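The hints should help you fit chains B, C and D onto chain A, whose structure is shown.
Protein chains: 4
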Amino acid sequence: MRKTITAGVIGAGRMGKIHIENVLCRIPDLKLKMVADINIDEKLKKWAYEIGVPKLTVDANEIINDSELNAIIIASSTNTHAKFIQEAARAKKDIFCEKPIDTDLKRIKETLEIVKREGVKLMIGFNRRFDRNFQRVREMVTSGQIGTPYIVKVTARDPALPPIEYIKTSGGMLFDMTIHDWDMARFQVGSEIEEVYTKGAVLVDPKIGKAGDIDTAVVILKFENGVIGMIDNSRQAVYGYDQRVEVFGSKGCAIAENEQLNTVRLYTAEKIKEDNIPYFFLQRYMDSYAAELQDFLECLQNNREPSPNGEDGLRNVVLAVAAQKSYEENRPVKISEIVI
Amino acid sequence: MRKTITAGVIGAGRMGKIHIENVLCRIPDLKLKMVADINIDEKLKKWAYEIGVPKLTVDANEIINDSELNAIIIASSTNTHAKFIQEAARAKKDIFCEKPIDTDLKRIKETLEIVKREGVKLMIGFNRRFDRNFQRVREMVTSGQIGTPYIVKVTARDPALPPIEYIKTSGGMLFDMTIHDWDMARFQVGSEIEEVYTKGAVLVDPKIGKAGDIDTAVVILKFENGVIGMIDNSRQAVYGYDQRVEVFGSKGCAIAENEQLNTVRLYTAEKIKEDNIPYFFLQRYMDSYAAELQDFLECLQNNREPSPNGEDGLRNVVLAVAAQKSYEENRPVKISEIVI
Amino acid sequence: MRKTITAGVIGAGRMGKIHIENVLCRIPDLKLKMVADINIDEKLKKWAYEIGVPKLTVDANEIINDSELNAIIIASSTNTHAKFIQEAARAKKDIFCEKPIDTDLKRIKETLEIVKREGVKLMIGFNRRFDRNFQRVREMVTSGQIGTPYIVKVTARDPALPPIEYIKTSGGMLFDMTIHDWDMARFQVGSEIEEVYTKGAVLVDPKIGKAGDIDTAVVILKFENGVIGMIDNSRQAVYGYDQRVEVFGSKGCAIAENEQLNTVRLYTAEKIKEDNIPYFFLQRYMDSYAAELQDFLECLQNNREPSPNGEDGLRNVVLAVAAQKSYEENRPVKISEIVI
Amino acid sequence: MRKTITAGVIGAGRMGKIHIENVLCRIPDLKLKMVADINIDEKLKKWAYEIGVPKLTVDANEIINDSELNAIIIASSTNTHAKFIQEAARAKKDIFCEKPIDTDLKRIKETLEIVKREGVKLMIGFNRRFDRNFQRVREMVTSGQIGTPYIVKVTARDPALPPIEYIKTSGGMLFDMTIHDWDMARFQVGSEIEEVYTKGAVLVDPKIGKAGDIDTAVVILKFENGVIGMIDNSRQAVYGYDQRVEVFGSKGCAIAENEQLNTVRLYTAEKIKEDNIPYFFLQRYMDSYAAELQDFLECLQNNREPSPNGEDGLRNVVLAVAAQKSYEENRPVKISEIVI
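One line per chain: the protein sequences are A, B, C and D, in this order. With my numbering as the guide, the letters of the first sequence map in order to residues 1 to 340. With my numbering as the guide, the letters of the second sequence map in order to residues 1 to 340. With my numbering as the guide, the letters of the third sequence map in order to residues 1 to 340. With my numbering as the guide, the letters of the fourth sequence map in order to residues 1 to 340.
These are calculated hints, taken from the structure and not from any lab test. Quick caveat: nothing in here was measured; it's all calculated off a predicted structure. Some hints could be false.
Which copy is meant is left open, because identical chains are indistinguishable; a pair holds if it fits in one copy or across any two.
Here are the simulated lysine-lysine pairs, BS3-like style, with alpha carbons at most 25 angstroms apart [what the hints assert, rightly or not]:
hint, residue 1, residue 2
1, K45, K3
2, K271, K251
3, K45, K31
4, K43, K3
5, K17, K45
6, K31, K55
7, K46, K3
Bound conformation, chain A alone (with noise of 0.2 angstroms):
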């Protein structure tokens, strides 16, 4: 018999709200008891009410505390990730927590430490690749069907550009959103990055650059097994959110296109016409968010290590400090210079 498993979720925000809803309405094993925030407004509690979210608490301790709840899913802001990470570890508590688990490498290592010694689970949520498209890739590469990899590439463009305050905050570009990628073609390809070289530019917007950070970067990476790897990224790409996944191998190549809005072509005098790709990751990857957070609960039921777990964080935060370098210095920058 499957294990039902208790939940509480800290944080009702954006992607708080998300994994709620994935949880009363999509995933019946994965039972919702309580939710926290530190901001309960009537707003909130009238979504609450109305979705069914049982009990609402100012007090993440509640949840913590909780001695009915076995897992803990944390979607509050950055900067609580490790404390709150570090409490339900102690707290015997396995744990879904959005990412990134910390900005601070020794930060991010301590934590870990704490998860590991308490011997709790740890999924972040690197939601991408549980998209049924790049999902299909990586069976592709894991079957066989494409051979021993030679080269994977991940396209990722967003569609407008963040609040200047946000970039600011949130590290530039290679923290907050070329990170999604290298976890991607780390995904892919099944092997750690040895190398990366950044190659970026401020052509979208000058504030972007007075700010400190980049608009547009293309990355090489070298696997140590040998694959060489492709990101290109940009801060605005206006026909949307541009999201492909290619890995050629010695068998074949596998190409995941964007999805489209719909499937319909409308044949003009002048010219043949298709409705525009997902305007951004809610579109895009809604269904991935339950399907990260099904597998998570899998993984409780069947004691099995998460993936992407705490390890990936951290690796995917240290590959952004390695790109960064890169950039700045202008030069290929192995990974094992990044020291912890």
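Same frame as chain A, but now just chains B, C and D:
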């Protein structure tokens, strides 16, 4: 402010469960109060508990007579549809009913008269009108992007033969399968059909012929506004649930292709391969079931006549009768020949 | 060793020029000795000189009576086809003739009898059989990849209305346009048509109706082997020359989509755009004209019966007659009703 | 009136034959007078006779010194290109020469100086600029449809390993294969490259490594106008000749997908299948060879500077030298480091 509608559901079989899940999880303004089913076993009780059904009853009258309810969703067996519509109408409830209203034209007509007299709303579950692709084609037609329509084409092929028992009671392929297609053709063209010609055959399995039905059919439709329509049907497309629509007109052509399971293309030494189209209607049309209930809700909230309504339900059955006659007599049949 | 064939061409109009260029430039084993045309002006002389036509004559008899010639390519006006076929056959030349042989069934029959009696080969220019896409579909049918065929669908829409004068002399749409489509349907299915039903309309331009023709038609075909066929035609598809074929069977479905002018997709803020399909038959089928002549050559070299042959030419006209009758009487017409 | 140009061809190997056939059959205003080849055997004589070559000679000087000739097409072995360009320039002939001019930068420079001094035109055979797809992308860039370019991506993968002997003499993959790709990148962006970074690997076959070359490479390009470029190459894509180009900019993204052998899709119980992409350059680029010669002709007729010209030929080799240096030293290399 949006008006909240409180509903009861009669019938908790396959389609009933889909509607109940949609009401509970995807349509917050439509409140579920009660579900009636004549067979309540432990399995149904467990499912109802887990999904959050407030109350289960074996007595549909509890729903029909509940003064708190504004709307009733009927998903019971076909032979009870007309009865429940009539009772619900008399109880002044707005009604969503699965197709078909009945297989007997006279009984449908009588039922619609009661609905009209009682002044309640009635939507019939021709869900394909709410498919994102077919809806987009319709928008292109109404917005004039394809100009004046000349030809409408509907392809609908099921993935596998139904049980012979089903064929015997459904009225046959033109009644249980093609009925969706003239609804689709009528929806796209926005005009009524005045003549049909059916060419049917038993090509898939002689057992179907022995049961008095056909398994392959093409139908030509002549619309009142001059448009010509074509439908092609098969009971068995081994590659999945083939569902395509095309509207060709003076300024262009809108074609809704099949959905695919993912966007991945695998290039190999031998071929380029893609995963198949969705297997059947549950995979393909799941979102459309939520969309139709959402639209039903908005009809009630905004006092708008539902579409497809009872009249559509009637006409689609009339067309089945005419198409069957055309097949049997191998000649074009005017719809006006069918006397109700 | 391959046998070299020496040919003469009668008629140097649009189609004649295409055949001459193909013989000269693309089919080295087919030697051109002479071209006859009743109108030799300076422009034609210049063209012939530049392309390398060895000899021009106004007298087709020079070609028919030249003992060095093995084959004659007839591309003169339709009303001379039968005459030249008969003369060439009597002169023991193998013949390639543009479609149609004639518009009069009796005259076609009489011509084919002469061809048969003289024992020469006759290929009729239904070039679409040699289109790379439709040929690939046929290979999939004959190799069993789609299993037993159930339904064949042909879409053929011209980009723009022909001159009304042309319509008056061509015999009408079912004779000058649809004729290609039953050839295609017969080619794909590999069986003969036994019944047709035509639904035609004047939707594009009332002038066509006044000239006694239709501009829009759908036709249902019943084949001797049980397959059902569907054709849809329009005189005016503003987006180009719409040419598609589909064969659906017990093991799958082969669909030949339109060619496009290039493979480029433009992603913009508003839409995804692609350039159109080819404008008309010269753009779409140019390669097929060379392929059909190449095949004609190989038929002569290897003493193989041409396909499409004279019998195909006859049957396609018979089908036009039956389809016209069906349209006029609004009923299915058996091909056996057409007495030659 | 258009000016007729009379040309001679030096070299009747594989590429020479293609150019000769195009001149004879597809470019009527370009007249062929003579072909020179150092190896004239019976097979070549027969081919020349059948295709209509007016004269064959073993002595290239006959072509260079023929006062009737306006233009010389050089398709001899690479090590003779510079010599023949110089001689043809001194004889005041306009020149079309296959790539590369030479592998030695100094010799290229010296050759271009002579071309300049003699005032003749020189086009270099980077034929991919004339591919219908890549040309369409370029039009979208120049017409502003993608806005300001940000990123250009070129994918070029050969179907199978060349003979090891070829690799030893070609200068290696970056010289014989990637050279096309920076020409394509430069063509699309319309700006010069100022820095390259190459990551190469031997992944396909260790024999290539032993011969001192690589078989897999990705290159990042930095353009003077700020655009970033990415190239990925492999010596062996088992699924065919993978040739794609993408230009991403402020207003959109133009993507040229691979051509396919036909437009047929086969739907089966297992997969949707399409036939492969063209096998290699002869299949994919045949039309572009005719288009480049046509453009060369028009350059001479209209006194327009050819593009790609000698300077392009030089720059592309300089880029190969820089890319090779980058690979060997694993660092970004400025083009200005390469001293000719």
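Comparing the hints with the structure gives:
1. K45 - K3: Close across copies (19 angstroms), not inside one copy (30 angstroms); limit 25 angstroms.
2. K271 - K251: Cα proximity of K271 and K251: across copies only (12 angstroms, versus 36 angstroms in one copy).
3. K45 - K31: both (19 angstroms within a copy, 18 angstroms between copies)
4. K43 - K3: Between. Shortest inter-copy distance 18 angstroms satisfies the 25 angstroms Cα cut-off; intra-copy 34 angstroms does not.
5. K17 - K45: within (12 angstroms within a copy, 28 angstroms between copies)
6. K31 - K55: both (12 angstroms within a copy, 20 angstroms between copies)
7. K46 - K3: between (31 angstroms within a copy, 15 angstroms between copies)
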